[in-house]
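K.L.:
Residue numbers (my numbering), protein chains in the order written: chain P, 1 to 279; chain S, 1 to 279.
Simulated from the structure, these hints should not be mistaken for lab results.
Just so you know, these numbers come straight off a predicted model, no measurement behind them.
Careful, some of the hints might be misleading.
Repeated chains share a single entry, so a pair holds when one copy, or any two copies, can fit it.
What the hints assert, rightly or not - Listed next, the in silico EDC-like pairs over lysine to aspartate or glutamate satisfying Cα-Cα at most 20 Å (straight line):
#1 K216 <-> E58
#2 K239 <-> D201
#3 K250 <-> D276
#4 K147 <-> D186
#5 K215 <-> D186
#6 K255 <-> E269
Protein chains: 2
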Amino acid sequence: MAALKGKWCTETYRDTALSFRIKKKLYAKKSGFQMVEVYETEKHGNLMALDGCYMVSEAEEFVYHDMLAHVPLFAHPNPRNVLVIGGGDGGTVREVMRHKGVTNIDFVEIDPDVYEVSKRYFPALVKGLEADKRVKFKFGDGIKFVKAARSEYDVILIDGTDPSEIAGGLFGAEFFKDVHRALKPDGIMCMQSEDPWYDLDIIKGVQTRLKKIFKKAGLYLAYIPIYPSGMWSFSIASKRYAPSETRNKKSKIKKFRYYTPALHKAAFELPQFVKDGIK
Amino acid sequence: MAALKGKWCTETYRDTALSFRIKKKLYAKKSGFQMVEVYETEKHGNLMALDGCYMVSEAEEFVYHDMLAHVPLFAHPNPRNVLVIGGGDGGTVREVMRHKGVTNIDFVEIDPDVYEVSKRYFPALVKGLEADKRVKFKFGDGIKFVKAARSEYDVILIDGTDPSEIAGGLFGAEFFKDVHRALKPDGIMCMQSEDPWYDLDIIKGVQTRLKKIFKKAGLYLAYIPIYPSGMWSFSIASKRYAPSETRNKKSKIKKFRYYTPALHKAAFELPQFVKDGIK
Numbered sequence: 001m002a003a004l005k006g007k008w009c010t011e012t013y014r015d016t017a018l019s020f021r022i023k024k025k026l027y028a029k030k031s032g033f034q035m036v037e038v039y040e041t042e043k044h045g046n047l048m049a050l051d052g053c054y055m056v057s058e059a060e061e062f063v064y065h066d067m068l069a070h071v072p073l074f075a076h077p078n079p080r081n082v083l084v085i086g087g088g089d090g091g092t093v094r095e096v097m098r099h100k101g102v103t104n105i106d107f108v109e110i111d112p113d114v115y116e117v118s119k120r121y122f123p124a125l126v127k128g129l130e131a132d133k134r135v136k137f138k139f140g141d142g143i144k145f146v147k148a149a150r151s152e153y154d155v156i157l158i159d160g161t162d163p164s165e166i167a168g169g170l171f172g173a174e175f176f177k178d179v180h181r182a183l184k185p186d187g188i189m190c191m192q193s194e195d196p197w198y199d200l201d202i203i204k205g206v207q208t209r210l211k212k213i214f215k216k217a218g219l220y221l222a223y224i225p226i227y228p229s230g231m232w233s234f235s236i237a238s239k240r241y242a243p244s245e246t247r248n249k250k251s252k253i254k255k256f257r258y259y260t261p262a263l264h265k266a267a268f269e270l271p272q273f274v275k276d277g278i279k
Numbered sequence: 001m002a003a004l005k006g007k008w009c010t011e012t013y014r015d016t017a018l019s020f021r022i023k024k025k026l027y028a029k030k031s032g033f034q035m036v037e038v039y040e041t042e043k044h045g046n047l048m049a050l051d052g053c054y055m056v057s058e059a060e061e062f063v064y065h066d067m068l069a070h071v072p073l074f075a076h077p078n079p080r081n082v083l084v085i086g087g088g089d090g091g092t093v094r095e096v097m098r099h100k101g102v103t104n105i106d107f108v109e110i111d112p113d114v115y116e117v118s119k120r121y122f123p124a125l126v127k128g129l130e131a132d133k134r135v136k137f138k139f140g141d142g143i144k145f146v147k148a149a150r151s152e153y154d155v156i157l158i159d160g161t162d163p164s165e166i167a168g169g170l171f172g173a174e175f176f177k178d179v180h181r182a183l184k185p186d187g188i189m190c191m192q193s194e195d196p197w198y199d200l201d202i203i204k205g206v207q208t209r210l211k212k213i214f215k216k217a218g219l220y221l222a223y224i225p226i227y228p229s230g231m232w233s234f235s236i237a238s239k240r241y242a243p244s245e246t247r248n249k250k251s252k253i254k255k256f257r258y259y260t261p262a263l264h265k266a267a268f269e270l271p272q273f274v275k276d277g278i279k
């Protein structure tokens, strides 16, 4: 097995490294919060990394954004007021916008540079965001924003990075309590919650905290090939509705690229080692 | 993003490279058929590669073996006579052995060196195989073996490598016709069928051929972190039974590591891009 020849980008994570052949590096600059890099890859389109971790690629971004947005928005019968925390690349907001019944989307990203880089290198992710009057850009700290909200939102989506210095607070009990308070009495929250192969302990912690604070909590999975193991988890918690069921009949979206109503339910059926790991 | 420092093994596949940190290389030798390598990795246990492609790791082997063996063996109401083609590491046969109703397992691996290497470096995979009188070791060419068989098997499992020179025949119509003839009138076949992210065209070809030859055919997925995208597919075809349903009540297996009866059905719910790609 030979060493890599030619030009590659590489993410190293817990004794695993995932590399993609690149045409060139397009961007690399420290923002006020993190190192932002963009590569033009051979097979995955443009690829963004934050602090050395792959975040989003043009070719596969639909998986993450379909699954973070549509599972909670179809589990809720009639989502109107939605809050997106993080997700500065715009892709999550773009999918929320497809739900015609949604009347307001508060979009709270801490790092404006991520949005600017996305506008430049990932145009499909931000398409229509600025023209859609439902989208309220509120650059700032999502944790502080949620603390000030009261029974306002039908759905809150948390699209943060790994639980490091900048996003660690998005995985804690205090934040989850604030999210619970910011939701209406039948509200649903959903968040990315890391990789079951490499970080099952983090997922267990998130699930345990959510189950204490919300009436219902669940975990579902999706295949994302730009993350080191290819398996990714989302944690969802609800004040009333079972999140693995679809009940929204108002968001008439005809075509998805990853999500399907049948996959909504199926994605909650966990492999035994994941069930055991979060018990 | 920095280059890899220290000792790693790397598989390169279609402009993607997946590397694992290793303690040392344990084995590297050309067999009569292929280059066989074994690495002691930091996090995945011992890892075997054939012709530079990762095949099996101690830490995650249960996913592939659970899903290749248990889905067809639970879709069949009463599997007794089983044929395993390939799978020289022993893991698939080990899982078939757990089904108490199975009375015979013909194990046809082309490369005896793979089995010998597995005995030495992957003892958990071959555990009990030689002591179990139901297991008939028949080293040789699986394609020729199947050609000579007539209505004998309840289940045939095809555990081959990628469709290169050595295993390419395991993906063709002629072989599938031979498998069909080798199965009893209610028999089921199941095979690994590559990665939907990188080889959807191969999967489409397999599915198209199986649908022409068998009454029912289906595709299901599993998360395997040692394969470059982490997403793997299995193609299953049946002369009578719908393969996504469980109907075997005789194989009373109490505990799995990946498979569950609910996941059996759920694994057939495909993401939209996979559904579109195999149409």
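K.L.:
Which earlier hints can't be squared with this structure?
P.N.:
1, 2 and 3
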